[in-house]
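Following the hints, position chain Z against chain W.
Here is how the chains run, residue by residue.
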Amino acid sequence: MGLEQKLGNMGVVTMTLEQAVNWGRTNAMWPMLFGLACCAMEMIAAQSSNYDVSRFGMELMRASPRQSDLMIVAGRVTRKMAPVLRRLYDQMPDPKWVVAMGDCASSGGIFNNYAIVQGVDEVVPVDVYVSGCPPRPENLIYGIMKLHEKVRQEKITKWK
Amino acid sequence: MLNPEHVKKTVAALQEKFPETVQEVSEFRGETTVTVAKAAIAEVCRFLRDDAALDYNVLTDLAAVDYSPEEPRFAVSYILFSMSKAARLRLKVLVPEEDPEVPTVTPVYINADWYEREAWDMMGIKFAGHPDLRRLLMPADWEGHPHRKDYPLGYEEVQFSFNWREIDAKKPYAKE
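Residue numbers (the numbering used here), protein chains in the order written: chain W, 1 to 160; chain Z, 1001 to 1176.
Looking at chain W on its own, in the form it has when it is part of the complex (with noise of 0.2 Å):
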């Protein structure tokens, strides 16, 4: 699996805490059961076996928020869901993080209104935007790929 060939002929692995923490939290990333529009149609797609975002340590959606760490905000969030989605965000154990999947979520989209909140990072702080209208399987799980990217490089300081 290439980690014989680091294990040497000691048997032995050596590694910073950091790095350590931070593969752990990169391959063991719980994704919480929330869907709101059409976008969760093609998380639900990335889930299943054709492109089975598992591979990456994915390996089941939990339908309640005290057992994920990544927050997928699949569509539109409207002004009445918005108290909604935070008090899931506040639920979430630390560490946690925010996917704002398409471009309702990212933006607002094509719902310049009263009704949408226009971003949702007016309501939870989001680390990956991912684009398109809905974004294919392929292009959110390249939008993990990139929030695993920044779960490696976070520092032991910053930990929570």
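Hints should not be assumed to be uniformly reliable.
Taking CB as the label site, the calculated pair distances span [claimed, not checked]:
#, chain 1, residue 1, chain 2, residue 2, range
1, W, F56, Z, A1128, 55 to 61 Å
2, Z, K1175, W, V12, 39 to 45 Å
3, Z, D1168, W, S49, 39 to 45 Å
Partner residues are not named here, just some residues of chain Z that face chain W (Cβ under 8 Å, in silico) [stated by the list, open to error]:
#, residue
4, A1037
5, P1139
6, P1152
7, E1156
8, V1158
9, A1174
10, E1176
To be clear, the hints were calculated from the coordinates, so they are not data collected in a lab.
Small disclaimer: the values here were computed from a predicted structure and weren't measured.
For each residue, glycine too, the CB sits at the ideal point set by N, CA and C.
Same frame as chain W, now just chain Z:
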């Protein structure tokens, strides 16, 4: 197949029973609209439902309309359907802007409950006697009624490269 004969019969029956109340009868593409006086709408609905010969037993839809800048500004239209006679009839009530209040039809058609709440929420038409007139779609603390024509449609300017920074500076980003 719908039954236009039954609609004609209904209009005649309404004109006979409520000569004062029926203000106007119009037909457009085979759809008949009867404009009735505001105060009598519940009474008219009850007559149309309970009269065995007419038998309008379904309220298909209830919607509010904003005819701004015409006077009177608003209208509420009730689309009735008779299952047994296969006939559709539209009742219309004109509502002035200064007093947007209509008697409720919930005692007659129970499904008018949420329709009337929606009309109140989106158009700001009060339904006197409604059992629970709260907002249906918008948040409970929302101000204004979004489907009125004078309600501002958008609320954020579109970001282009030339005004991106300006709008970005005003955006209320969430902090943790």
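Broken hints, by number: 4
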